[in-house]
Amino acid sequence: MQNLLIEKTNSTPYINFNAVSGVLQIKGESFPENAAKFYNPVMEWLREYLDCTSEQTTLDFEIVYFNSSTSKIFMTIFDVLDEEVKNGKKIVVNWRCDGENETAIECGEEFEEDLRYLPFNIILF
Amino acid sequence: MLKLKNFFKSYIGKDSISALEHDTIKIVIAGCIAILVALLVMSITGIAITRNAVVNRLKTIDLKNMAGAIAATIDAKIEKAVDASLLLSYDPMLLRWVLSNDTDKESGQFAKNKLGELVEQFGYDTAFLTSALTHNYWSYKGEEFRLLNVVSPENPADSWFFKTLDMQKKYIINIDPNEVLQETFVWINVLVGDLSDPVAVTGVGLNLSELINELVREEAKYELKNDIWLVDGGGFIYLSKNKDHLEQALRDYLPQDLTETIMEPGSLVNEFAVAEYYNKEGELFDVVYKTIKDTDWKLIVQIPRSESLGFLNSIIINTVVAGLSIVIFMVGMFNFITKRVANPYKRTLQLNQELEEKVRERTRELNEKNIKIQDSIEYAKLIQETILPSRAELGTVLQDFFVIWKPRDIVGGDFYWLKKFADGFLLVIGDCTGHGVPGALMTMAVHSMLNHIVEDVGHRDPAAILEELNRLLSQSFTGSESIENIRPGLDAAVLFVAKDKKILFSGAKLSLIVLEEHSIKEIKGNKVTLDGLVGRQKPGLSNYEIEYDRQRASFYLFTDGFTDQPGGERGLPYGKKRLFSELQAIGNLAMKHQETAILQTFKNYTGNEIIRDDFTILGFSICK
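Those protein sequence lines, which keep their order, are chains A and B. For the first sequence, the numbering used here assigns the number 29 to the initial residue and increments by one for each residue that follows. For the second sequence, the numbering used here assigns the number 107 to the initial residue and increments by one for each residue that follows.
Each hint can be trusted.
Which stretches of chain A does chain B cover? Using the computed rule of at least three CB atoms under 8 Å from a CB of chain B, they are:
no.	region
1	53-61
2	86-99
3	117-131
The set of hints was computed from the structure by calculation and includes no laboratory data. Glycine is no exception: its CB is placed at the ideal position from the N, C-alpha and C atoms.
Let the sequences and hints guide you as you build the complete structure.
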């Protein structure tokens, strides 16, 4: 399966989903006008990837700023992953943020609260 | 109209292209001039060198050869005539006939045959025999042998005979111009018998005019404008290609000194002398001359310099023709090459211009559309503002307040809402999903929902109002397949302030800040957003009754667009902490000054960062 690589723009993050290493990276800011449209191919890739992998998968989020519609997408992603982990997949989410970025930390904490199975690590730097 | 447009397009395009063509022409002209100059220098040098060489050769070789050939012909003829005459003089039969006083029949017949033979077979004009004994002058001329004359010492016309008898040498050559016939004869007079006592004079006569005419005819083949003169010892011209020259003095044609040099008696016989002169018309002539053997006659050949250099003209013409051909060829080549070379460049320019024109057109179209959209949104802003409570309205229930309402894109998803009742008032702040027009659409919907809700479920229970809002959202926004992903919704905070100043607060992800003196409290709403989803492990919404110092407390409601806005050196969000400490610092100021301070601090922090989201802050105190 092909890797997914999307360069960052002013309003969208850098995305590097590596199907071979199982490391999926999202880094930067995310406030596209139409978040659903931007993340549709990302979601598709992810669903396809999850369908065919049984390897350890790590999602690295390093998002400085994101809008509420992006937040909903992330929520959807985490729900999907939660379900997959429940069904036996090995998936870890690393939510990386600056120690001073209280908003990002708080959001991470809120995501984590909603999850039941998916390991969700908030990593400060 | 389209045609006109295209015309202008190509017209604009031609500006720099014609400049390019202009350059090309310049290059071609410069190239041609360079070649022309080179050709000119080369040709002039070449012609000068050739000319010098030709003149040199003309003087040293060509003229002498030409005149030599003429002279040799004349000399040879004369020499042959001399030989023939000498043979005659030694003939014993001729002597016998003379000694018989022209009576011996046999020798007489022989003499007639002999003389006839010379005329008929060898082409001499006349053969003669004049006896010193009988003074009979026998002549064979025109197929006729007859006694032409009997010479007499008294007749001056016969003096030549008696002079010849006394000359004491074997022969003499006389040149005899016949003025009537305009012909010149060369007479070879040879003595017969002993030199001291000759018995007769014999010889042949040769028409020199014939000879010269022959030469002239020969010369005519070469189409040369040269002239051949035969000049007697007295300096008169007796033969010439030009009849006008005949019997004129040589000095009428040649300069005095040259005439004298030529006519000097001792001048060369075997070799030609060379000279040049300008005639009366100023034309330059080259002259060669020599004395004809055994005579004092001169053979003079002259040729105009222009004539002998005539072929140079053809060289010049050929050079000019060749030069012109080369120039034309080069012009063609230059043109071809520069066009071939310049063409891609020209094409690029053209393309560039076309593209620029296209970009201009597109930009104009975009601008037009932009203005339309801008106008439309500006109008939408007017509409959106009508649902926001006016300052006057707010002023009726709030003691002091400020409103910061900053949609990112003219209109936005943030709103605030006020409704007064007999027993108090409701104040709502909301942040709908999205910004710009989509956000604004949401605010319109939520606004009207709120109006309905307070009628249906009452106004005293903020949490119930939010629950009902969520329910209405789930009812209203079900029309799209992609609802799962975009799920329109909002964060909101609702305050009910009763007449007795009791405050009930409920928040969906939004907080209420209560500032008293320097202590600040954040009353967090529930961690739930209103997105139309119901059930599922969603925490419910709660009401909080706010305890506060009724005299001094001020309240703040804000949307996360403010605290989430990145800025500072590291591009981190503004953050609640920063907002709270700012409020603590300025809390004692009048609300309008607080507004200014908040915006200033925000601007300082965010600097040049683009604003990511709509943001709203309401600051107020209640007691009136």
